[in-house]
Amino acid sequence: MNAAQTARTGFDVAAMRREFPILSREVYGKKLVYLDNAASAQKPRAVIDAMRQFLETDYANVHRGVHFLSSRATDHYEAAREAARRFLNAPAADNIILTHGGTEAFNLVASSFVSPMIAPGDEIVISEMEHHANIVPWHFLRERQGAVIRWARIGDDGVLDLDHLQSLIGPRTKLVAITHMSNVLGTITPARVIADMAHARGVPVLFDGCQAAVHARVDVQAIDADFYIFCGHKIYGPTGIGVLYAKPHFLSAMRPYQGGGEMIREVGFDAVSYGDAPHRFEAGTPPIMEAVGLAAAIRFLEGIDHAAVHAHEQALLAHATRQLRAANGVRIFGEAPGKGAIIAFDVKGVHPHDLATVIDREGVAIRAGHHCAHPLMKRLGVTATGRASFALYNTMEEVDVFVAALQRAREFFQ
Amino acid sequence: MNAAQTARTGFDVAAMRREFPILSREVYGKKLVYLDNAASAQKPRAVIDAMRQFLETDYANVHRGVHFLSSRATDHYEAAREAARRFLNAPAADNIILTHGGTEAFNLVASSFVSPMIAPGDEIVISEMEHHANIVPWHFLRERQGAVIRWARIGDDGVLDLDHLQSLIGPRTKLVAITHMSNVLGTITPARVIADMAHARGVPVLFDGCQAAVHARVDVQAIDADFYIFCGHKIYGPTGIGVLYAKPHFLSAMRPYQGGGEMIREVGFDAVSYGDAPHRFEAGTPPIMEAVGLAAAIRFLEGIDHAAVHAHEQALLAHATRQLRAANGVRIFGEAPGKGAIIAFDVKGVHPHDLATVIDREGVAIRAGHHCAHPLMKRLGVTATGRASFALYNTMEEVDVFVAALQRAREFFQ
Amino acid sequence: MNAAGLDDLYREAILDHGRNPRCMGKLDDATHTGCDANRLCGDAVTIRLRIADGCIEEARFEGEGCAISQASASMLTEALGGKRVEDAERLAAMMRVALEGREPPAANTLAGLLAGVRAFPERVACALLSVHALERALGAAP
Amino acid sequence: MNAAGLDDLYREAILDHGRNPRCMGKLDDATHTGCDANRLCGDAVTIRLRIADGCIEEARFEGEGCAISQASASMLTEALGGKRVEDAERLAAMMRVALEGREPPAANTLAGLLAGVRAFPERVACALLSVHALERALGAAP
Ligand SMILES: Cc1ncc(COP(=O)(O)O)c(C=O)c1O
Ligand SMILES: Cc1ncc(COP(=O)(O)O)c(C=O)c1O
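Protein chains in written order, with this note's numbering: chain A, -17 to 396; chain B, -17 to 396; chain C, 152 to 293; chain D, 152 to 293.
So here's chain A without its partners, still in its complex pose (with noise of 0.2 Å):
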């Protein structure tokens, strides 16, 4: 079935797993087969590399230096904004902020930018189906400044309801604040046309790109993002870094994140000035070999053929539906047309944490729980789900192992 699929899509899996040293490992004796990627992302030999080698030859801090190293260190960094500008197809360097993961960039945005516009009663609009870190941050701004959450509606089919998204925006909306791709549902949802719809009353939007980042392809430019945000380590980068796209004017109009090194231009004992963006919001020492790894999961990532990648994802997508719909007692959350690479499922009579434990002992890592998704949760009245998500090592055999291992679990629990 490898050698078809290879066939198909023109794509060589084979020759894509050795790329991942982790994936030759065995767990309880048995092949690891790893479909936790929503999660995070395993890393290729070119990233661990290139931080083990900068780590070896260039490392030093960054921006404050004259000294060589600190001087080639600075390079790698700036290279890394370069690298995102990139990989986002942003206009430039300046509108990329480097922060420490996907989670900082959220709250970077609410503090910096939605908090300081809150009235009571001003609202924030994003769906139901969002991640608690596309939640928490504006249930922060309901609890200490009286700041209202609206929830646009998905379908059954796990379908944004841009009806419901285009009747919530209203002269108190701040922001509009939505998924690019759904960690639970695998949902796309059609950005244009959200921005269009929040631009259309004068609202910037945010897309929470964790996921979409490494399945789909982005361009902040063609989708009009104000605010767009992805993290390393779900693009078979690090952990430890996120990107923060913004739009020049906004950056330039907002207060700073944090206090500290680099972000200042004078520190007086009486007053203080800051620097401008991006350096504004990177305060301290920034994650510095973090980004150099980041650099080599996106330079990774330019590297490979995305059509045949995506084709080799949704091939994936597509034989993993079929095995679980044709299996006993499987419901799936989550058909929107054109959706990602991840499956939300679960299995009639099996909690979802006894079924993940069972088929753990088969070497099959998938995650059971809430998914940081609460609210999602309680639409599809459940307290937890089954999810299968798929990266570009994966293959169509892990697959049949997986649901080869679900099966069996069903009939132990039966």
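Among these hints, one or two may not hold up.
[To be verified] For lysine to aspartate or glutamate, the following EDC-like pairs were computed, each having C-alpha atoms within a straight-line distance of at most 20 Å:
| hint | chain 1 | residue 1 | chain 2 | residue 2 |
| --- | --- | --- | --- | --- |
| 1 | A | Lys229 | A | Asp76 |
| 2 | B | Lys156 | A | Asp76 |
| 3 | B | Lys330 | D | Glu215 |
| 4 | B | Lys13 | A | Glu38 |
| 5 | B | Lys360 | D | Glu163 |
| 6 | B | Lys360 | A | Asp40 |
| 7 | A | Lys156 | B | Asp139 |
| 8 | C | Lys177 | C | Glu209 |
| 9 | B | Lys13 | A | Asp40 |
[Said to hold, decoys possible] Just so you have them, the derived chain B footprint on chain D, three or more residues with Cβ under 8 Å:
| hint | stretch |
| --- | --- |
| 10 | 180 to 193 |
| 11 | 208 to 218 |
Hints in this document: simulated from the structure, not taken from any laboratory. Positions of the beta carbon are idealized from the N, C-alpha and C atoms, including for glycine.
Since the structure of chain A is provided, determine the placement of chains B, C and D with the ligands on it from the hints.
Okay, now just chains B, C and D with the ligands, sitting in the frame of chain A:
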């Protein structure tokens, strides 16, 4: 000199140097002499390898998963918390919050602990020799909430004026936040005395241990710190991770800092509740790889003779101080008794930047500038200084190379 | 299931309690109530007791979650009926030690039945959920 | 100094201007003022011009910082005296291109004298500080 040095202190610096791959590199065809350790220290093989090996064998996201790798990664992550606890001699691992850096830790305390109790006119007491990371967050509270920053004086020798400090602590003081070791002057402050002073007036105390953690032994119980902060990259660990120690009753009373996954208990449409410390303060995917590196750095430090290292660093400091005092036109800033291995200085007729550029071409990396300490620069009456800072891998010969290069630069500019 | 440890985790008794929980439901005249939820996975257990003269006359639970958390709640509440409060407290303490500690519990005890979980550190919290709920119920003011 | 590039960076002319800056000081009847500071190193330059009939009658600077930033300010203000505003603007633009761009500037120009900085990327900002201050002065309302 090296052999003698080793004999004197019982410390084998040549062997130590072999643990740090970058030290064998050349710069402009010259041997690298890295004296910018206070900005960031280089990484031993043990740290680099621990992160690489983790990514190659055990990587996954933490906490949320029931599968093998996730459980391994969680163990690694929690082992880092325990390592940080040991390193600080904190009573329990739950007192340890892993942040994305030193700077984030200051901002967390400012935002989650201090900000909610600030009324206009309330005071934060710091010193004239603080790093911007321990200044700018308080300026935020000044700008946004009317807090007042009170500056404890230092003497011309760089010693903290304890009488003045005491006189500043009053009924409106909400926090005393003082460096445990100055990143410019090298001054080590009497933490326990300061803590007792603050506690006598019922005021909590925070210590900035970003420099002290690598040069002094820290015991947060012995000094009775309420908050203690250090960061990974200055103790031979990775970027992107910091540690905040806090006494449990403060932690449990503090509101969350960033919102996102992992830090919640329950997220609803109209309500949210938060998890317990330390998780309440660790939103989103944490610095997992970085935690592995931090734990390796701490184990590395635990594996060497602290007294011998300290003696070695003090010998470097004494040798450099002697030589610089003997050189023409060199002025040293900071002569506190028992100071750590940092020398800030300037050279008559040579701007620090020009000096740093010139000696860089001889392979010597020092820092030139304000060292993220503008107020201290004003106090010293300069806009910038040079700074040489020593690590356990520096040698007496390196000090000689540095001083000789400095002398040549001085002649060049005369 | 032949994979190491799984048979030990999901013993017949546990599967049975998981499928057919005993003592499940409301207890309208409860004097003591305690509940606990697992932040990470959403499992939840509420235990209700009717205590009179230092004796647990009736115990019931409600809950939602995996086989381990629900079977543990079922087995525990079943064991509580008729016990004196001190004995219930002792049972809770014993189970905590048995599931978190180093020494394996005796095979034929309640903790022994759940002991398979010790090989699955990320599932220990599931087994302890009802223990914690019980502790809270016993500690709650009547 | 024999190390590669240093002699080129610190040419005699630059050292001379650094040690004995020309046109340094206040200009009480200035019509145009501009200043810039380097956030990272604290170098600062203020340029003051007296402009009449489109012509720079006098130029002066005040500043603090490294040899490069101060020599560049000294050489630039010296060159400004008597220049027409358009020519000063052209000079600023040329220097920016020469120091930031790919093509090395001609040796016998002002930019040429400063061109050694091109091998020291972290010092280019020092050389451009006074250029930026000049641009601000020229752009400032009289
Ligand atoms: C859709 C979505 N948004 C936001 C996040 C938060 O990213 P991170 O945990 O890296 O901060 C995640 C990942 O957990 C996600 O899947
Ligand atoms: C004394 C002191 N405090 C705080 C910091 C801030 O640490 P970081 O830059 O790692 O956030 C530093 C280092 O730059 C420092 O030297």
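Hints versus structure:
The straight-line distance between the Cα atoms of Lys229 of chain A and Asp76 of chain A is roughly 9 Å, inside the 20 Å bound, and the hint therefore holds. Distance restraint check for Lys156 of chain B and Asp76 of chain A: the Cα-Cα separation of roughly 38 Å exceeds the 20 Å cut-off, and the hinted pair is therefore not satisfied. Pair hint Lys330 of chain B plus Glu215 of chain D holds up; C-alpha atoms about 14 Å apart against a cutoff of 20 Å. Simply put, Lys13 of chain B and Glu38 of chain A have alpha-carbon atoms about 15 Å apart, close enough for the 20 Å limit, and the pair holds.
Simply put, Lys360 of chain B and Glu163 of chain D have alpha-carbon atoms about 32 Å apart, too far for the 20 Å limit, and the pair is violated. Between Lys360 of chain B and Asp40 of chain A the CA atoms are separated by roughly 33 Å; this puts the pair beyond 20 Å, and the hint is violated. About 53 Å separates the Cα atoms of Lys156 of chain A and Asp139 of chain B, which puts this hinted pair outside 20 Å; it is violated. In summary, the hint linking Lys177 of chain C to Glu209 of chain C is supported, as the alpha carbons are separated by about 11 Å, within the 20 Å threshold.
For the hint linking Lys13 of chain B to Asp40 of chain A, the alpha-carbon distance of about 14 Å falls within 20 Å, and the restraint holds. Counting residues of the stretch 180 to 193 of chain D whose CB falls under 8 Å from any CB of chain B gives 3; the rule of at least 3 is met. Here the stretch 208 to 218 of chain D counts 4 residues with a CB under 8 Å from a CB of chain B, which clears the bar of 3, and the coverage holds.
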